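**Q** Use these hints to put chain B with the ligands onto chain A, whose structure you have.
Going line by line, the protein sequences match chains A and B. This note's numbering puts the last residue of the first sequence at 711; the count rises by one with no breaks. This note's numbering puts the last residue of the second sequence at 858; the count rises by one with no breaks.
These are computed hints drawn from the structure, not numbers from a lab. Warning: the hint list may mix true and false statements.
[Stated by the list, open to error] Each computed DSBU-like pair below joins lysine-lysine, with the alpha-carbon atoms no more than 35 Å apart:
hint, chain 1, residue 1, chain 2, residue 2
1, B, 847, A, 704
2, A, 318, B, 754
3, B, 847, A, 617
4, A, 318, A, 145
Here the structure is a predicted model, which is why all the values come from computation and not from measurement.
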Amino acid sequence: MKNPDVIVIGSGGGGAVIAKELGELGIRVLVLEAGPWYGNKKWPEPNKNRGEAKVSSNAVDLDGSLYRQQLTRLENDMNDFVTGKFRWGSADRRRTPWFRNLPDRAVLWQTAGVGGSTLHYYANSLRAFPQAINNEWPINYKELIPYYEKVEQTLPVEFAPTTSKEALFYYGAEKAGFTLNKTLDVTRVGYRPQPNAILPPNEHLMDPNYSLEELSHMEGCTLSGHCGQGCPYGPSLEKMAKRSTNVSYIPLAMKTGNVTIRPNTFVTKVLTVQSSGRGRRAIGVKCRDTWTGEIEEIRAKVVVMAAGCVETPRLWLNSELPKNQWVGRGLTNHYMDMVTGVFDEKTLMDVLGSPTINPFVGHTSGARLDYPGLGMIENIGESPGLSAQTLFGFSQDGYNRLRLSDSNEWDQRGRLIGSELDKAMKDYRRTLTLSIITDDEVQYRNRVELDPHVIDEHGAVPLIHYTPSQKSRKRREQLTKIATNILRQAGAKQIHRADLPPNYFIHLQSTMRMGFVVDTSCEAYQVERLYIADNSADYNSLGGPNPTLTTQALATRTAEKMVQKYFQ
Amino acid sequence: MFSRLSRKGRVRTLSALENLEIDLYLLPSPFQNNAGLVKYVTDALNRLSMFGYYSEWPAYGSTRLNQPEHRRLEFFPLSWNQIGYPGVSHGYRDFRGFLLKIAETRVKNEES
Ligand SMILES: Cc1cc2nc3c(=O)[nH]c(=O)nc-3n(C[C@H](O)[C@H](O)[C@H](O)COP(=O)(O)OP(=O)(O)OC[C@H]3O[C@@H](n4cnc5c(N)ncnc54)[C@H](O)[C@@H]3O)c2cc1C
Ligand code: SF4
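Chain B with its partners taken away, still in its complex shape:
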């Protein structure tokens, strides 16, 4: 049923669930009368899908549903291309100096 709703309808449904604007008694086990779990799970659905999409996970391609020790990166994550994240890096040459060094605070302490 959920998948037949419009996008807005789905968001409204999720929102109603997490705000507990529903009869908790009507939910199946283990959610029945379990407000904390309903809130936890609706929230986690949102978070985990965003984390999944914007991390390297989709790029495990045909191995993405394997056990973690048996996944292999098959390509560069599409989402990282879209947003311009260069991926794993050895470093960046963006050193703009130090505003302050610890030694400077010690000198000040000795003076005062």
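In isolation and in its complexed conformation, chain A is listed as follows:
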């Protein structure tokens, strides 16, 4: 596309949404995406060679069966941090991943590719807690509602179906004294199914006349439990059950006829000129082809940064944009923890009517407890390798064996090794894991900055620091106790606490905060015609709820505001 009106940097949770919304409003958009494109006929072997085309703009290029071949649902092939198809790195898996400096025990989980980190996300599509927006953000909750509704209808979102692990969670939550909260707007404590961007199960799922293989080619979730490895189940690419943006918003964007998407293209600089209004004005970008190393400049009337919470501030800093002391600052990550309960067969027979839970069945996360003021708790059932590494391999508490035990609250705590690990994994099918997700307080010291010593092909690399505040620590402790109690009430015989280190990044937010770096339309205070449409524009961590739906609602709103200001 020559001379687009708008360049969008990144096609993940937020970028894909703003591209589609702008396209529908008649704006010509070029999306530049650093990673590969799965499920597009123009790149039949996206990890092996650069393909013949540079861009794709027609939805006929999208191919569900190709997508199924590429998304093998094998956890190492898909999610290995170094070589996985969903890693943070270039399409060419022979190359090392793109480096980020995290000087601590750390996991930072983001994906490069069309769809971004929604490729592997669990599709939990939550509205913020109203109390975390009202009187905190520079806009109020009511203003977001119509945009939440629009995104919920477009993805679309529906409450998760119940499988064994949800049934057991609800049972435990009831016994622990909580009640069902039938709402999307949470103002009180209670449990509910996750509102997920996943198509409801096919009506024939329980009918043995249909084989599961047949069902996996039909519309609707098959409860296969592969959400984290991407979901290639459905009759066509745009009808895949899990609604990552590459199967939801991207096809819709292409259908407007106004949106072109170019994968394998890393933006290294936002180009600006002096302007009388805000000081500087965005006029385009400089980018680099990740296969050939070719460098190019592309001009547009408006530039949108949607590169995610690490790369958006990095790009700002590498572009030598005006100094703003909040750029990259205020990073939150929902300071998470995990507790895992093991159940015996008899208890499970009594509660579920079956001797196992099989946590790998169903939506990876289908049930939750909301606790405004503290955060939330959700059930989670990952595949075995990812479960072992996160639950039993990653801890700020070191090795369970070496621990000087001081409390009986948890039977085990921290890393497991040898026979302990062997036993824990042999119990895998009878476990229920709860994830603790904290209302994480914004701190100026938590940040993404440039590493002064390390430069890669895209400029100085990000250096990341995060230590939770006292308040966040207290909240996490309280939530962990509540989650532990739910497991005990449900009948768990043994409980393990991971005690995750603080630098566990799944929900990154608020590094380019509204009110500090961007105004209420998400346009940069100091650079006109430069917008932000990813998790980094959040003012805070939403009170605990998963971030993506709010980013998508905001991106929808930002498209409207931008068109009103510059294209009418």
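**A** Same frame as chain A, now just chain B with the ligands:
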């Protein structure tokens, strides 16, 4: 030297490393005086070996050290057999109904 230690000795050593109970100056480059990197790497050693063992990786067998595009599954992962994970699945018939549908929340909103 490390490989000659007992299992407990190895765990103690790793633990001492990650808790920085060592003289960082004595470490070779790039670890020398680089506490962050020492912590990152000792932790990653633990995680990556667990992920490797319990994922399909060992089942790439003789191709497991190849470039990712040139690996082939040669058998069903042993660890998955041990723990009863059925592997890649087309789906499961464990649908137990819906506790709540979005439509129900809309009705409530209109009433209130
Ligand atoms: C295991 C896991 C499960 C999750 N589950 C959920 C969930 O259930 N619900 C939820 O709300 N959230 C979930 N998340 C978080 C969710 O993935 C993010 O909130 C969401 O994807 C963020 O959207 P984003 O637009 O900010 O960034 P991303 O989705 O990461 O998109 C950024 C895109 O920009 C591209 N990019 C970056 N830099 C450049 C550059 N310089 N030039 C060109 N392109 C660039 C990247 O390649 C990427 O495609 C989960 C995350 C993980 C890791
Ligand atoms: S459980 Fe997840 S991966 Fe499986 S069909 Fe449903 S949405 Fe897709």
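**Q** If a hint holds in the structure, say so; if it doesn't, say that too.
**A** Results for each hint:
Restraint check for residue 847/B and residue 704/A: satisfied, since their Cα atoms lie roughly 32 Å apart, inside the 35 Å limit. With a CA separation close to 41 Å, the supplied pair residue 318/A and residue 754/B exceeds the 35 Å bound. At most 35 Å may separate the alpha-carbon atoms for a hinted pair to count; residue 847/B and residue 617/A meet this at roughly 34 Å. A C-alpha spacing of about 62 Å is found between residue 318/A and residue 145/A, which places the hinted pair above 35 Å, so the restraint is violated.
When held up to the earlier numbered hints, the structure conflicts with 2, 4 and fits the remainder.
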